[in-house]
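A.B. asks: Guided by the hints, dock chain B onto chain A, whose structure is given.
If you want the building blocks of each chain, they are given just below.
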Amino acid sequence: MAIRISRRSNTYDARNNRLTSRYLFLPHSDFGFRITDLGSRFMAFPLSKNPIPQRIVHGTTIEILRTIFPSIIPMFIAIPSFALLYSMDEVVVDPAITIKAIGHQWYRTYEYSDYNSSDEQSLTFDSYTIPEDDLEFGQSRLLEVDNRVVVPAKTHLRIIVTPADVPHSWAVPSSGVKCDAVPGRLNQISISVQREGVYYGQCSEICGTNHAFTPIVVEAVPRKDYGSRVSNQLIPQTGEA
Amino acid sequence: MIKLETAPIDARFPLMNQTQHCYTHYLEYHKCIQKKGKHAPKCEKFADYYRSMCPLEWIQRWNKQREQGIFPGPI
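Those protein sequences? They're chains A and B, same order as listed. If you count the first sequence from 1, position 188 lands on 188 in the working numbering, and the numbers rise without skipping. If you count the second sequence from 1, position 14 lands on 255 in the working numbering, and the numbers rise without skipping.
Where hints are given, some of them may not hold.
[What the hints assert, rightly or not] As a list, the in silico DSBU-like pairs of lysine-lysine whose alpha-carbon atoms are at most 35 Å apart:
id	chain 1	residue 1	chain 2	residue 2
1	B	Lys244	A	Lys154
2	A	Lys154	B	Lys283
3	B	Lys286	A	Lys224
4	B	Lys272	B	Lys286
5	B	Lys272	B	Lys283
6	B	Lys283	B	Lys305
7	B	Lys244	B	Lys277
8	B	Lys283	A	Lys224
9	B	Lys277	A	Lys178
10	A	Lys178	B	Lys286
11	B	Lys305	B	Lys272
12	A	Lys224	B	Lys244
13	A	Lys154	A	Lys224
14	B	Lys277	A	Lys154
15	A	Lys154	A	Lys178
[To be verified] Computed far set for chain B versus chain A, every beta-carbon distance over 12 Å:
id	residue
16	Ala252
17	Cys273
18	Gln275
19	Lys276
20	Lys277
21	Lys283
22	Gly310
23	Ile311
Rather than coming from a laboratory, the hints here were simulated on the basis of the structure. Treat the numbers as computed from the prediction; the structure is a model and nothing was measured. Even for Gly, the Cβ is constructed at its ideal location relative to N, Cα and C.
With the rest of the complex left out, here is chain A (with noise of 0.2 Å):
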């Protein structure tokens, strides 16, 4: 049975073969130092010296105060960590694009239906992904999927992240978005990529069997580009626009 008393003090450095210390201004080594303190303190105070030892059982005083004290310190810590945290969510400008992003098990639904002229029409369309027979040469294992959500670049977008069946959860890490999809409510994100190209992402939120098969891609085109892209890749599937 190993009882840990404290932490070590030293690494082992591989690049110079070497033991370093863990701790600035610390000795690699800190057992003297805690051997000499303990002895100090014991020869400081010897039974000859000292036959009656103190009694100090408690004192209400000082323990109330230093109860309220330390709980006031993480109140004045949490006021402006709360205004941080709530005011990351808002959005501050007008987005241009709201994209529905609607997972299902195991594929995605994306909707692109701003330009809408009624309830039943929509640019809509599933992403699946490519199983890894098909995969062409090149391509990610379990990242592609069949139609990527096209984007324009350096465009705010909304971003709507709902489930239609049981909790998902939409994440492209290289655009720092990781949101949750919760059954009956629609969580928003903005973002707006910066730089034309593709990105990947995973689902990340257990959603059964095939949770480790739905990837998001998403491709961030130029802005002038983007219409014609959508209507091309659409047109096929929906045969409307």
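C.D. replies: Leaving out everything else, chain B in the frame of chain A:
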């Protein structure tokens, strides 16, 4: 180049949860057309907003409920 516009930020719903935002625009549209008629131009704005914010499935479900007379909202 197509003009990109969508439902603007609504100060009534500043945080991440936009469920009420979608629902409120849907209710506002239907209250508006009840007052002003189905093709009133002022109501079209609400229609655009709720179509942007709400998933198609939700809209279709609510429309069906309205047709059946079981829509729970205050329309």
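A.B. asks: Now tell me if each hint is right for this structure.
C.D. replies: The hints, checked one at a time:
no. : hint                   : verdict
1   : B/Lys244 with A/Lys154 : holds (15 Å)
2   : A/Lys154 with B/Lys283 : holds (31 Å)
3   : B/Lys286 with A/Lys224 : holds (26 Å)
4   : B/Lys272 with B/Lys286 : holds (13 Å)
5   : B/Lys272 with B/Lys283 : holds (12 Å)
6   : B/Lys283 with B/Lys305 : holds (24 Å)
7   : B/Lys244 with B/Lys277 : holds (28 Å)
8   : B/Lys283 with A/Lys224 : holds (30 Å)
9   : B/Lys277 with A/Lys178 : violated (42 Å)
10  : A/Lys178 with B/Lys286 : holds (31 Å)
11  : B/Lys305 with B/Lys272 : holds (17 Å)
12  : A/Lys224 with B/Lys244 : holds (10 Å)
13  : A/Lys154 with A/Lys224 : holds (11 Å)
14  : B/Lys277 with A/Lys154 : violated (39 Å)
15  : A/Lys154 with A/Lys178 : holds (19 Å)
16  : Ala252                 : violated (10 Å)
17  : Cys273                 : holds (15 Å)
18  : Gln275                 : holds (17 Å)
19  : Lys276                 : holds (20 Å)
20  : Lys277                 : holds (18 Å)
21  : Lys283                 : holds (16 Å)
22  : Gly310                 : holds (18 Å)
23  : Ile311                 : holds (18 Å)
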